[in-house]
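Participant: Let's have the full structure, built from the sequences with the hints guiding it.
Protein sequence lines, in the order shown, are assigned to chains A and B. Quick note on our numbering: the first sequence kicks off at 1 and runs consecutively. Quick note on our numbering: the second sequence kicks off at 1001 and runs consecutively.
Derived by calculation from the structure, the hints in this document are not laboratory data. Because the structure is a prediction, the values reported are computed rather than measured. Yeah, the Cβ is synthetic: ideal placement off N, Cα and C, and Gly gets one too. One should not assume that every hint holds.
For lysine-lysine, the following DSBU-like pairs were computed, each having C-alpha atoms within a straight-line distance of at most 30 Å [to be verified]:
id: 1; chain 1: A; residue 1: Lys133; chain 2: B; residue 2: Lys1077
id: 2; chain 1: B; residue 1: Lys1077; chain 2: B; residue 2: Lys1017
id: 3; chain 1: A; residue 1: Lys81; chain 2: A; residue 2: Lys109
id: 4; chain 1: A; residue 1: Lys56; chain 2: A; residue 2: Lys74
id: 5; chain 1: A; residue 1: Lys109; chain 2: A; residue 2: Lys133
id: 6; chain 1: B; residue 1: Lys1077; chain 2: A; residue 2: Lys109
A few chain B residues that don't get close to chain A, going by computed Cβ distances all over 12 Å [claimed, not checked]:
id: 7; residue: Pro1025
id: 8; residue: Asp1027
id: 9; residue: Thr1123
Short derived list, chain A residues pointing at chain B, Cβ under 7 Å [stated by the list, open to error]:
id: 10; residue: Ala19
id: 11; residue: Arg94
id: 12; residue: Gln95
id: 13; residue: Asn105
id: 14; residue: Ile113
id: 15; residue: Glu121
id: 16; residue: Lys139
id: 17; residue: Pro140
id: 18; residue: Leu141
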Amino acid sequence: MVHLKKETEYLGADVVIDAVGAEADGNFLQHVTSSKLKLQGGSPIALNWAIDSVRKGGTVSVVGAYGPIFSAVKFGDAMNKGLTLRMNQCPVKRQWPRLFEHIRNGYLKPSDIVTHRIPLENIAEGYHIFSAKLDDCIKPLIVSTAA
Amino acid sequence: MRSMVYRGPYKVRVEEKDMPPMEHPNDAIVRVKLAAICGSDLHLYHGMMPDTRVGMTFGHEFIGVVEQVGPSVERLKPGDRVMVPFNVYCGSCYFCSRGLYSNCHNVNPNATAVGGIYGYSHTCGGYDGGQAEFVRVPFADVGPGLIPDWMDDEDAVLLTDALPTGYFGAQLGDIVEGDTVVVFGAGPVGLFAAKSAWLMGAGRVIVIDHLEYRLEMA
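Facilitator: Listed below in structure tokens is the structure:
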């Protein structure tokens, strides 16, 4: 966090995007209240870091996963810094026209991040590798037997 | 058909399951060609998501070929190559008509927040997902899109959730030219959000994660 502040001349970033799922590794307290006791709907660790690292008046965009239960979010800091908080589950089809163009023009090549191609029959293995972050796994695809 | 089935936290296996039935004239049955495991599927796998029922099939990122369509389906026909967004949505309610497809009011009437998602527990509507040979796609005229001829299958499957979500994250940030953008999480969505931020004119993009190999990708 301190390093981030230095990098941005002690102001903080203009925009911070929280793209961590619901199980950010943070600290022990977080692990106990969320994963073990199910008292929190998702991990607010990344979101709290986002609120800390954005500049005053900046924007925090949340596309990480959060469940329906309360999360311990630093709301006071967000309010007093005058942040804009924006979030939703993505309405996929709204993004398609522009993304089709970007892919067609070569600006984006989504399949670059695919690291594993696993037959449907071995899907349990796929879940294990992805979950335990083995074998440098970033994105596993499942190849169906019906095709 | 063969299908991934949830048996409890950290337990999934492939089982023989009944073919998904047509339940409505606007349904389609899609023969899955390629699916993906999403980082958010791991929350289901870890037993974190409320109301994830044993016997459920996961998978909200999938593409395939239309096998069968209901009598009122007009835009799709058997044999079409389709990509199916992870959202299940009706396309005509108050929220859908405002573009809030992920908050559709008809597909998940018990929930006050989220709409419907394929293979994402009964909290998100209880729809079976695409990590199987066949899947039922409700509102077949609304969600699925035809895959253009020039597009690879592997690109198309990532267009059903991961890439649009990353791009959406960058869009929500209202990035203006030269902005410093920080992305927490270098999973698929974070990596795509970082790429999208560059495309939107960010002056600097910093990606944060604790897994070294993923940062190398960034």
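Participant: Does Lys74 of chain A sit within 30 Å of Lys56 of chain A, going by the straight-line distance between their CA atoms?
Facilitator: The hint holds at about 14 Å.
Participant: Is Lys1077 of chain B close enough to Lys109 of chain A, meaning Cα to Cα at most 30 Å?
Facilitator: Holds, because 29 Å separates the two Cα atoms, which is no more than 30 Å.
Participant: Under 7 Å is the threshold here; is the Cβ of Pro140 of chain A close enough to any Cβ of chain B for the hint to stand?
Facilitator: holds (5 Å)
Participant: When you look at the beta carbon of Thr1123 of chain B, is every beta carbon of chain A farther off than 12 Å?
Facilitator: violated (7 Å)
Participant: Holds or violated: is the Cβ of Glu121 of chain A closer than 7 Å to a Cβ in chain B?
Facilitator: holds (5 Å)
Participant: Given the hint that Lys1077 of chain B pairs with Lys1017 of chain B, does the C-alpha gap stay at or below 30 Å?
Facilitator: holds (25 Å)
Participant: Was the hint right that Arg94 of chain A lines chain B, CB cutoff 7 Å?
Facilitator: Hint on Arg94 of chain A: holds, closest Cβ of chain B at ~6 Å, below 7 Å.
Participant: Go through the hint on Ile113 of chain A and say holds or violated, using the shortest Cβ distance to chain B against 7 Å.
Facilitator: holds (6 Å)
Participant: Using the nearest Cβ pair, does Leu141 of chain A come within less than 7 Å of chain B?
Facilitator: holds (5 Å)
Participant: Beyond 12 Å from every Cβ of chain A: is that where the Cβ of Asp1027 of chain B lies?
Facilitator: Holds: least Cβ distance 18 Å, greater than 12 Å.
Participant: Would you settle whether the hint for Lys139 of chain A is holds or violated, based on the nearest Cβ-Cβ distance to chain B being less than 7 Å?
Facilitator: holds (5 Å)
Participant: Let's test the interface hint: is any C-beta of chain B closer than 7 Å to that of Asn105 of chain A?
Facilitator: violated (11 Å)
Comparing the model with each earlier hint shows violations of hints 1, 3, 9 and 13; every other hint is respected.
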